[in-house]
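Residue numbers (UniProt numbering), protein chains in the order written: chain A, 1 to 114; chain B, 1 to 226.
Derived by calculation from the structure, the hints in this document are not laboratory data.
Possibly wrong hints are sitting among the right ones.
[To be verified] Here are some chain B residues pointing at chain A (derived, C-beta under 8 Å): (1) L51; (2) N83; (3) E123; (4) W124.
[Claimed, not checked] Derived list of chain B stretches under chain A, where covered just means 3 residues or more per stretch with a C-beta under 8 Å from a C-beta of chain A: (5) 56 to 67; (6) 197 to 207.
Ideal Cβ positions, reconstructed from N, Cα and C, are used throughout, including at glycine.
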Amino acid sequence: MALRSQLLKGVLDACVMAVVEEQPVYGYELSQKLQRIGLPDISDGTIYPVLLRLQKNGFIRGEMRASASGPNRKYYFLTDSGKMELEQIASEWLQIATPVSQLLRRGGVDEKND
Amino acid sequence: MRKTTELIEENNDKRELLNSDNEQVYENLLLYIRTDLRVDEHAGEEILMDLLDHLLEAQENGKDAADLFGDSPQAYADELIANLPSQKRRNVFWLVASGIIGLVGWFAITYGIANVVISVFTEWNNEIALGSILLILLSVSLFGSIGVKIFFKIIRSSVFKPKDQQWKTYVKVGLYGMATFAFILGTAFLFDGIGPVMHVEWWLFLLIGIALLLINKGIGRLSNEQ
Numbered sequence: 001m002a003l004r005s006q007l008l009k010g011v012l013d014a015c016v017m018a019v020v021e022e023q024p025v026y027g028y029e030l031s032q033k034l035q036r037i038g039l040p041d042i043s044d045g046t047i048y049p050v051l052l053r054l055q056k057n058g059f060i061r062g063e064m065r066a067s068a069s070g071p072n073r074k075y076y077f078l079t080d081s082g083k084m085e086l087e088q089i090a091s092e093w094l095q096i097a098t099p100v101s102q103l104l105r106r107g108g109v110d111e112k113n114d
Numbered sequence: 001m002r003k004t005t006e007l008i009e010e011n012n013d014k015r016e017l018l019n020s021d022n023e024q025v026y027e028n029l030l031l032y033i034r035t036d037l038r039v040d041e042h043a044g045e046e047i048l049m050d051l052l053d054h055l056l057e058a059q060e061n062g063k064d065a066a067d068l069f070g071d072s073p074q075a076y077a078d079e080l081i082a083n084l085p086s087q088k089r090r091n092v093f094w095l096v097a098s099g100i101i102g103l104v105g106w107f108a109i110t111y112g113i114a115n116v117v118i119s120v121f122t123e124w125n126n127e128i129a130l131g132s133i134l135l136i137l138l139s140v141s142l143f144g145s146i147g148v149k150i151f152f153k154i155i156r157s158s159v160f161k162p163k164d165q166q167w168k169t170y171v172k173v174g175l176y177g178m179a180t181f182a183f184i185l186g187t188a189f190l191f192d193g194i195g196p197v198m199h200v201e202w203w204l205f206l207l208i209g210i211a212l213l214l215i216n217k218g219i220g221r222l223s224n225e226q
């Protein structure tokens, strides 16, 4: 999946924020979680430009903590403005998600209605 | 917050745990990001550490650098750089100032030692013209900064090129180095004997040089603690 387009960028931003909101994570953990959720084609590295962008915008912040496996890792937390941003994106996404996926499935919609 | 120098040291240690293929790709990426002078140094080191930790954990799980950085590490690095905060202007000032002071410091030490060595073989006139020295310093700073900028640019353009093309880089860097040096020597030659002439002992050059390098170290420590 080439996550180049603006749309997918925005969606990925929201996915990362949603995972971070649930529980603070470090980079490797985050990529594993996204893959487990069912976004397996996101290459591991894809998350880092996203993390940088979200940090730059003040939506998440990093903090050094001891990880479960021992060594210190940079854990990412959702900030207050990140929470607001996430809610905004989530509500916009939910409005379009169902109709868009129905539309893009093409033939599929009509078949069901027949 | 971890200091930049601590991050760099930790990076040096941890990098040794990478296997040779991963190390190669990672070090290219590291060089490419570190030689981009627009990037905030601390933020750059932080993301490099994140990536190194990730790569090490991926390596344990049987993945490699291509899984992390994709097929084009350069495109990936460019994407990272685009999202990194840029170097603060105050930091840029101190970076340049420290570069110039360091350069002049080494220059003074070298000049002092050269005075001693040369005077062993031949009569050496250790009189210097104040105006000329100032012009030479100006030229060292100017051509030195331009030289470093070009040097980094050449390195960056060749980082991700195949190994068998690297010799071109060395030739280019060598030529630019020579050109820089020629410009500086040219200034010294053209503007000889300007301003009041002073008699300066070789050890004074050494002392000034050492003092400048110490000041430089102080600046480095101060800017690192910010």
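Results of checking the hints against the structure:
At its closest, the beta carbon of L51/B sits 6 Å from a beta carbon of chain A; the interface hint therefore holds under the 8 Å criterion. Of the supplied interface hints, the one on N83/B holds, with its beta-carbon coming within about 4 Å of a beta-carbon of chain A, less than 8 Å. Because the closest C-beta pair between E123/B and chain A is about 62 Å apart, greater than 8 Å, the hint is violated. The interface hint given for W124/B is broken, as the beta carbon of that residue sits about 56 Å from the closest beta carbon of chain A, more than 8 Å.
Note: the region 56 to 67 of chain B has 4 residues with beta-carbon separation from chain A under 8 Å; the three-residue rule is met and the coverage holds. With 0 residues carrying a beta carbon less than 8 Å from a beta carbon of chain A, the region 197 to 207 of chain B misses the three-residue requirement, and the given coverage is violated.
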